[in-house]
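Starting from the known structure of chain A, fit chain B onto it as the hints suggest.
The chain contents come next:
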Amino acid sequence: MSLTFSLAHLMGGIVLLCAFLLLSQRRLAAMITLYQMQACVLAAAAFWQGWAQHELNLYLTGIITLALKGLLLPYGLRQIVLRFNLRRAVDSAMGMALSLILGVGLIGIAVLVVLPSTMRAVSLTREDLAIALSVVLLGLLVMVSRRSALAQIIGFLSTENGLVLAAIGMPGMPFVAEFSVALLVLLAFLVVGVFLLRIREHFDTLDVTGIEAIERRGR
Amino acid sequence: MHLQPDALSWLFLGILLPQVVASAVAGMRGSVTFWVFVLGMALALLAGDAFTLIFGFELMSAASWLLVLRGDERPATFYVTMAIFSGACLIPAVFLPASSVAFVLILLGTGAKAGLAPLHAWLPKAHPAPPAGVSALMSGGMVKVALYVLIRYAFIILAPAAQPWWGVVLIAAGLASVLIGALRAMLEVELKTVLACSTVEHVGLIAVGLGVALRAKAMGDETLEGLGLQAALLCVVAHALFKPLLFLGAGEVKRAVGTASLNWLGGLVRGMPRLGGLMLLGAACMAALPLGPGFAPEFLLLHAVIGAAATGGILARLFFTAALAILGLGAALALGAAVRLFGMGFLGRPRSLQAAAADDIRGATLWAMGGLAVLMLPVALLPGLVLGTMTPVFLLLAPQAALPPLAYAPLSLVLLAFLAAAALGFVLQRWGVRGTREVAGWNGGFGAPPPWLPFGDPATQPSATGLAEPVARAIGRGVLARDMADPTEIWLVAPLLRLHGRFVRVAERIRRATIRERLAFVFGALVVFLLALGLGEGG
Numbered sequence: 001m002s003l004t005f006s007l008a009h010l011m012g013g014i015v016l017l018c019a020f021l022l023l024s025q026r027r028l029a030a031m032i033t034l035y036q037m038q039a040c041v042l043a044a045a046a047f048w049q050g051w052a053q054h055e056l057n058l059y060l061t062g063i064i065t066l067a068l069k070g071l072l073l074p075y076g077l078r079q080i081v082l083r084f085n086l087r088r089a090v091d092s093a094m095g096m097a098l099s100l101i102l103g104v105g106l107i108g109i110a111v112l113v114v115l116p117s118t119m120r121a122v123s124l125t126r127e128d129l130a131i132a133l134s135v136v137l138l139g140l141l142v143m144v145s146r147r148s149a150l151a152q153i154i155g156f157l158s159t160e161n162g163l164v165l166a167a168i169g170m171p172g173m174p175f176v177a178e179f180s181v182a183l184l185v186l187l188a189f190l191v192v193g194v195f196l197l198r199i200r201e202h203f204d205t206l207d208v209t210g211i212e213a214i215e216r217r218g219r
Numbered sequence: 001m002h003l004q005p006d007a008l009s010w011l012f013l014g015i016l017l018p019q020v021v022a023s024a025v026a027g028m029r030g031s032v033t034f035w036v037f038v039l040g041m042a043l044a045l046l047a048g049d050a051f052t053l054i055f056g057f058e059l060m061s062a063a064s065w066l067l068v069l070r071g072d073e074r075p076a077t078f079y080v081t082m083a084i085f086s087g088a089c090l091i092p093a094v095f096l097p098a099s100s101v102a103f104v105l106i107l108l109g110t111g112a113k114a115g116l117a118p119l120h121a122w123l124p125k126a127h128p129a130p131p132a133g134v135s136a137l138m139s140g141g142m143v144k145v146a147l148y149v150l151i152r153y154a155f156i157i158l159a160p161a162a163q164p165w166w167g168v169v170l171i172a173a174g175l176a177s178v179l180i181g182a183l184r185a186m187l188e189v190e191l192k193t194v195l196a197c198s199t200v201e202h203v204g205l206i207a208v209g210l211g212v213a214l215r216a217k218a219m220g221d222e223t224l225e226g227l228g229l230q231a232a233l234l235c236v237v238a239h240a241l242f243k244p245l246l247f248l249g250a251g252e253v254k255r256a257v258g259t260a261s262l263n264w265l266g267g268l269v270r271g272m273p274r275l276g277g278l279m280l281l282g283a284a285c286m287a288a289l290p291l292g293p294g295f296a297p298e299f300l301l302l303h304a305v306i307g308a309a310a311t312g313g314i315l316a317r318l319f320f321t322a323a324l325a326i327l328g329l330g331a332a333l334a335l336g337a338a339v340r341l342f343g344m345g346f347l348g349r350p351r352s353l354q355a356a357a358a359d360d361i362r363g364a365t366l367w368a369m370g371g372l373a374v375l376m377l378p379v380a381l382l383p384g385l386v387l388g389t390m391t392p393v394f395l396l397l398a399p400q401a402a403l404p405p406l407a408y409a410p411l412s413l414v415l416l417a418f419l420a421a422a423a424l425g426f427v428l429q430r431w432g433v434r435g436t437r438e439v440a441g442w443n444g445g446f447g448a449p450p451p452w453l454p455f456g457d458p459a460t461q462p463s464a465t466g467l468a469e470p471v472a473r474a475i476g477r478g479v480l481a482r483d484m485a486d487p488t489e490i491w492l493v494a495p496l497l498r499l500h501g502r503f504v505r506v507a508e509r510i511r512r513a514t515i516r517e518r519l520a521f522v523f524g525a526l527v528v529f530l531l532a533l534g535l536g537e538g539g
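As given, the protein sequences belong to chains A and B, one line each in that order.
Numbered according to the numbering used here, the first sequence terminates at residue 219, and the numbering increases by one at each position without gaps.
Numbered according to the numbering used here, the second sequence terminates at residue 539, and the numbering increases by one at each position without gaps.
To be clear, the hints were calculated from the coordinates, so they are not data collected in a lab.
It cannot be assumed that every hint is accurate.
[Said to hold, decoys possible] Stretches of chain A that chain B covers, calculated by requiring three or more beta carbons in the stretch to come under 8 Å of a beta carbon on chain B:
(1) 104-113
(2) 139-145
[What the hints assert, rightly or not] What follows is a set of in silico ranges between Cβ atoms, one per label pair, in the way DEER data are often shown:
(3) Q79/A <-> V522/B: 45 to 53 Å
(4) A213/A <-> N263/B: 51 to 59 Å
(5) E508/B <-> L10/A: 45 to 53 Å
(6) Y75/A <-> A50/B: 55 to 63 Å
(7) G105/A <-> W35/B: 49 to 57 Å
Cβ atoms here follow ideal geometry from the backbone N, Cα and C, with glycine treated the same way.
In isolation and in its complexed conformation, chain A is listed as follows (with noise of 0.2 Å):
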């Protein structure tokens, strides 16, 4: 029993740690490789759960996360990268060091709420959503630190990946509820997609300054 706790902190702990790394890399497809890691620790970490629970539907989820998260998604941000010759692309908006302060901060805040708000629940699933809402935090202060489009969009799919780990944690979640959820990422997905696109089209570039200097001028 022990192997189990152990072995699904383990994991959540390295999508954590992947979701941190995403906030201190810059290079756009450093970030998508480490994107691709979470997910498929993820997997890893729902197949584990799957077989500790006994749930068939964990199992189910995590072949969905390693097909979609792992493999699909990774590979359509990597054409976008290779189209828009994004290579090289650094971004910046906010300071390294001031994001991986406040990431931390963060990290401190979701273990300060989660941890005594459910005193009585069993500790696999406190310390798991703790680190869940970490990867939720995290996804999110990528997505309002950095300036490009494509960056903004791995940070929500970073965000999604916690709330996936937090499902899987929870023993009785409903297979529909995560079902769907990854099928609207991928939907949004697409969307963007096309969106960005759009955007190439008008401005030459991802980075949405131009947006905004247009959005200052135009009201």
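Just chain B now, with coordinates in the frame of chain A:
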């Protein structure tokens, strides 16, 4: 949304109806905003719960702001600042339990909307800006809706917690309005501004009546309570009839002459006899002349204040004696303003070519003004009967109030005066000495030409500014600020406007925020909530 009209609602709806019809007939019926404005007022009057009341009230404010904006931009900004201030006071107040804090907030919120001093400075700017029909409805209707909210809360909803000092505060605010409103009505040059200042004065009169009644209610004095309420509500009725009439007339003057500045009018009564007659009637009511609809409420009000001066301690007695003096001064100034309005605008020689060539009114506006004038007749000649029909309202507001019969019967006075005049005429006809005599005096606004212009020039007649000059020197310098501006404009309105400007800039900054900044707002709010949750759970 919940409607539950009672006697008070019906009374105010009845007051509103003639002006809405008159304004619609006089040319506003095609405007959607106008009907939204009317809908807001009706909703506020019919409301059965606080939410509907506030909803209607704010709908009225927003629609009237759009209508003022149609006239001019600066007064609209002025107006919306005050409307927001009023909303910021009213919205918390209606959800508070009955207490003095709630009353003060209600008084600030409704006072700002009704033009009660010291929150009145916007009214002489905003009311003249929109088209005449809207001005009429704003002055005659919107102000009354604000007073309706004040009456409903002060006399019904907050009644269990009533304190005598509530009434005193209301009286003090009313007296300040009377003094400043009447004085500025005497000094202003623009016709519509004069009328708006006179509205401030009448709101002050109503507030004094309500204050006397409120204080008497808290002290358990039934007679005084009834008297104060009678004065206030009768004044509401009278003002709601003659002020729209005057505003519609002012709009017609502006249409015919191109300006409504008294310094450029004159002699209009010859070119526009029908409008002149109606305006004379309205001006007589504005001055509260006997036999007009404005006299009975002022008569009752003075009685109420005299009665109140006999109650309470020495300070209260001194206060009410001073109040009598201020009311007397206000009545005199209002009379002066009415004489100046009619004498400068309609008598004498035209001061401009346009004034000389002005066409008389006809058609819809004539019907609208004539209808209002006809409705004034019962209020003027049978005020006792009008008060009698309002008995359910008095019983609702003050169940134990004693309602003394009105000691003023204009109908018999009219008959007596008619008999006396007929007898005098007969005597003069029979035994009088024939012959004419030249008398120099007011001379109908005509002035003797100066020696260097022997053939006269209309511009050498005394101007409206010149006529008001003695009053400005005698009283204006003491009461008003420099350049005859309103004293509250510097101390109260300017800081409010600055605060409003700052809020607008912040709101504009938020509206212009980029997607990333908006995300950051939401994210920051989420983190703050989580932090609060964590600290709350942990501690």
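Quick rundown of the hints versus the structure:
With 5 residues bearing a CB less than 8 Å from a CB of chain B, the region 104-113 of chain A meets the requirement of three and the coverage assertion stands. Interface restraint, the region 139-145 of chain A with chain B: holds (4 residues with C-beta to C-beta distance below 8 Å; minimum three). Distance hint check for Q79/A and V522/B: the Cβ-Cβ separation is about 30 Å, which falls outside the suggested range of 45 to 53 Å. Against the hinted window of 51 to 59 Å, the Cβ-Cβ separation of A213/A and N263/B comes to about 52 Å, which satisfies the hint.
The hinted window of 45 to 53 Å between E508/B and L10/A holds, with their beta carbons roughly 50 Å apart. As the Cβ distance of Y75/A to A50/B is approximately 59 Å, the hint placing it in 55 to 63 Å holds. One distance hint, 49 to 57 Å for the beta-carbon pair G105/A and W35/B, holds here, with the actual separation near 55 Å.
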